[in-house]
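Single-letter residue listing:
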Amino acid sequence: MGVLMSDEALEIPLDDNPSLEDAEILIESGDGGEPRSVEIPEILPVLPLKNTVLFPFLLSPLLVRSDRSKLLIDEALLTPGRMLLCVAVKGQAEGPPGPDDVYRIGTVIRIAKMLKFPDDSYRLLVQGVTRARVADFTATDPFLRGRIRELEETGDRDSVETTALVRNLSQQFGALVAESPKMSDDLQVLVNSINDPSRLADLVGSNLDFDVEGKQALLAELDVPKRLRRVLDEVVRGREAFKVESEIRDKVQHDIGKSQRDYMLRQQLEAIRQELGEGEDTESELGRLRERIDAAGMPEEAYKQATREFDRLAQMPPAAAEHSVIRSYLEWMVELPWAKSSEDRLDVERARAILDEDHYGLEKVKDRIVEYIAVLSLKRDLKGPILCFVGPPGTGKTSLGRSIARALGRQFERISLGGVRDEAEIRGHRRTYVGALPGRIVQGLRRAGTRNPVFVLDEVDKVGADFRGDPSSALLEVLDPEQNATFSDHYLEVPFDLQQILFIATANLMDPVPAALRDRMEVIELPGYTEEEKVEIAKRFLIPRQRQQNGLAQFGFELSDACLQRLIRSYTREAGVRNLEREIAGLARKVARKVAEGGVSGPQPVGPDDLADLLGPVRFEPEVAERTAMPGVAVGLAWTPSGGDILFVESTRMPGKGGLKLTGSLGEVMRESAEAARSWLRTSASSPAIEPELFEKSDIHIHVPAAAVPKDGPSAGIAMVTSLASMLTGRPVKPAVAMTGEITLRGKVLPVGGIKEKVLAAKRAGIATVVLPEQNRQDVEEVQQELLEGLHLEYVGRIDEALRHTLVEAN
Amino acid sequence: MSEQDQDSLAEYFGEFGDRLRGDRWQPDVDIYETEKALVVRVEIAGVRGQDLNVRVDGQILRIAGVRRAPDGAQVRRLHQMEIASGPFERRLRIPIPFDRDAVSAQIADGFLTVTLPKSETGPRRVSVEV
Chain G
444 MGVLMSDEAL EIPLDDNPSL EDAEILIESG DGGEPRSVEI PEILPVLPLK NTVLFPFLLS
504 PLLVRSDRSK LLIDEALLTP GRMLLCVAVK GQAEGPPGPD DVYRIGTVIR IAKMLKFPDD
564 SYRLLVQGVT RARVADFTAT DPFLRGRIRE LEETGDRDSV ETTALVRNLS QQFGALVAES
624 PKMSDDLQVL VNSINDPSRL ADLVGSNLDF DVEGKQALLA ELDVPKRLRR VLDEVVRGRE
684 AFKVESEIRD KVQHDIGKSQ RDYMLRQQLE AIRQELGEGE DTESELGRLR ERIDAAGMPE
744 EAYKQATREF DRLAQMPPAA AEHSVIRSYL EWMVELPWAK SSEDRLDVER ARAILDEDHY
804 GLEKVKDRIV EYIAVLSLKR DLKGPILCFV GPPGTGKTSL GRSIARALGR QFERISLGGV
864 RDEAEIRGHR RTYVGALPGR IVQGLRRAGT RNPVFVLDEV DKVGADFRGD PSSALLEVLD
924 PEQNATFSDH YLEVPFDLQQ ILFIATANLM DPVPAALRDR MEVIELPGYT EEEKVEIAKR
984 FLIPRQRQQN GLAQFGFELS DACLQRLIRS YTREAGVRNL EREIAGLARK VARKVAEGGV
1044 SGPQPVGPDD LADLLGPVRF EPEVAERTAM PGVAVGLAWT PSGGDILFVE STRMPGKGGL
1104 KLTGSLGEVM RESAEAARSW LRTSASSPAI EPELFEKSDI HIHVPAAAVP KDGPSAGIAM
1164 VTSLASMLTG RPVKPAVAMT GEITLRGKVL PVGGIKEKVL AAKRAGIATV VLPEQNRQDV
1224 EEVQQELLEG LHLEYVGRID EALRHTLVEA N
Chain U
78 MSEQDQDSLA EYFGEFGDRL RGDRWQPDVD IYETEKALVV RVEIAGVRGQ DLNVRVDGQI
138 LRIAGVRRAP DGAQVRRLHQ MEIASGPFER RLRIPIPFDR DAVSAQIADG FLTVTLPKSE
198 TGPRRVSVEV
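Going line by line, the protein sequences match chains G and U.
Heads up: the first sequence is residues 444 to 1254, going by my numbering.
Heads up: the second sequence is residues 78 to 207, going by my numbering.
To be clear, the hints were calculated from the coordinates, so they are not data collected in a lab.
As the structure is a computational prediction, the values presented were derived from the model and not from experiment.
Even for Gly, the Cβ is constructed at its ideal location relative to N, Cα and C.
The reader is advised that the hints may include incorrect statements.
Unchecked claim - Simulated restraints, written as ranges between beta carbons of each label pair:
no., chain 1, residue 1, chain 2, residue 2, range
1, G, 582, U, 151, 55 to 61 Å
2, U, 134, G, 618, 49 to 55 Å
3, G, 606, U, 126, 53 to 59 Å
Sequences are here, hints too, so could you generate the full structure?
Okay, here's the thing in structure tokens:
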């Protein structure tokens, strides 16, 4: 059995032996003199310290390893006061430092605590006592030993300067402690508790980032204010450095954060793109754009602008808002036909053939085109003329433009100006606006792909104008041959040459077109077609087209001339052929239905008698004869945008006091011409003698149906006179007589406009005789003779003459 | 002495675990060797013998006790209070072999002096027979 021997704790008995029992202690009464607290021995061991400078009054830990130093510590610990002198080693001395390796000025310290560690090193806690100087070394072995001179501090500790320095230092150091994460906030409390300037300087100095030399200098500075100032400087510098340091750190962190974020987002974007199959990298895209800019053949100014914008684009991240704006701008720039133009076919005969092939009649227009081509073939750099086709709807203005393009071998481009109210539609929006686009001219050019297309500006008379600007003034720049070489679109910002373009404007009416614009265009009138022309057009173009469109090509869909005539006369009333085509299409559909229902084969000619079956009852009857049977109704001729038309002037009288009533939506000019008619009859009429009382005792009423249609103009003057004269004399108006002409109070008949349309309208309406002003004879001569066949024209210079032709002879 | 200095002091001399205890005061200790013995001197003025306990536990010398504070009932107003009081304990590792049975302790002039005679043989081993 084993015996446990020693692990139990052992109580040590105490030998309690108080040796000084109740000794009486004498109480001395002091004389107020300051007792010398510490007696510093004259000769002290000198302990060299590497990289360390100790300051008076401050507690510092020390680690001692070398045997030399441990010997020194042992001796010091056994000496009363436990004092020794610590000095810093100069530089980086190797081996045990000798007298010349250390600074002479050091700090006398007292060892407060000593502890030996298991590895035999000494840990000390020491407290500084005072600054001292080694007068001379008395021994170097086994350790340094020297004769010590205690150093007295100098400088005025109580001066204002010192006080200010103390306060300032305390404040600045407090701020530094608060800012720096490396310093404990307790230091601030400690500093505030110190009042002695010298100790404050030492405490603060020891906590700053001085190197050994700096600390040594601080230690050697015996002038307290100077030392304070030195420390203060360092504190301020430290704060400054710390501020800069933290600024840099913040900025670096921020920069890193931002660039990392950007990078990650870009990576994701790239991934998304690849997922969507759009993985085209920006670089090659930009490169291609650059190539296109170079290849676009821009003039110098445009090229410069495009290059500048391209450079901006290249430096911009694709996510930037402006990126897409610049991109689409450049897309526009490169796609415009700066240098591309089509080769003109300057074959006059071929052009004429094409024009004839596409359109029947319209000789004047075709001549003008052929002339243009002829001149162009002689002089290649001809500026494109600006033609304006004016005429009623359906007369083929737009399709003529297309035909011209075909004849010249040019691209055809058409924009409609109807309802365009904003100048920007013509000239584009500035790029500063969101979603800005070039104007329609530039858009059309891009579509055309060449710089010399035939460019039709449809409905130029229907351009509106309001507070947003007047598009017609923008059109001026487009259409003026003097200006349009440098047409500048707001979006493009660089001029584009429009001179090679053959502009063709179309309009129904010239009146609404601003004078300035009218002035720049060569107006060509397309007055509308006669019945014969319509028959030809129908046979050549409309019927084949409808046959084609309704799938009747192999069945033969034919309309006889008589049938066409009736169709034109009784089912349409127009200057153009648009409604005629519609009616023909209606017929074609009926026939197609019959064929499809079966039972019919072979050609399907449609005769005049079939029309009522197929299209219903006749829509327009010649009504002139019927309506003019009573006295007081005369037929006038009017000019409308859709060609000419006839109008009836009715008058009647009732008992009254000589008033004149005018109804039927008459305009100012027309009302005045009615008054003139009455006045002339009242004053000058002799040939159809009229009782003067008739005017005094009756009210006269003139009405012009249809009442809902506004009418104006002086050309109904003769019709008014005729109507009044007929009513007042009781002589009816001759049947099938129509008339036009302005009148004066002296009885003259003045010329009026739109003669061709009016004559054609009269013919359409079944009029046999037309009374015209003498001075319009020339206009009539321009009308092709075959159109006038069957019409009797009477030219008159005075009202009485006219009345002779219009009123039935008195019996 | 400021708080900060005390901190660094505690940090510095805190290699022995017991010094880190904040709940009791600790008397200062000197330890030195003479020719024959290791001497531990502890500053325990005012601690009565019956309140003091000294034990040897292996290589650890444990000194514990209580210093009585002045009778609180008689105190009217305080002006300065520096002398620590209450229970204390110090555990000191003895760095050399010593004769455990010959350890002696005595109190004189406010110091406790513990004398640990040096032993040539080193720490006694425990042998166990089976």
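_Violations among the numbered hints_ = none
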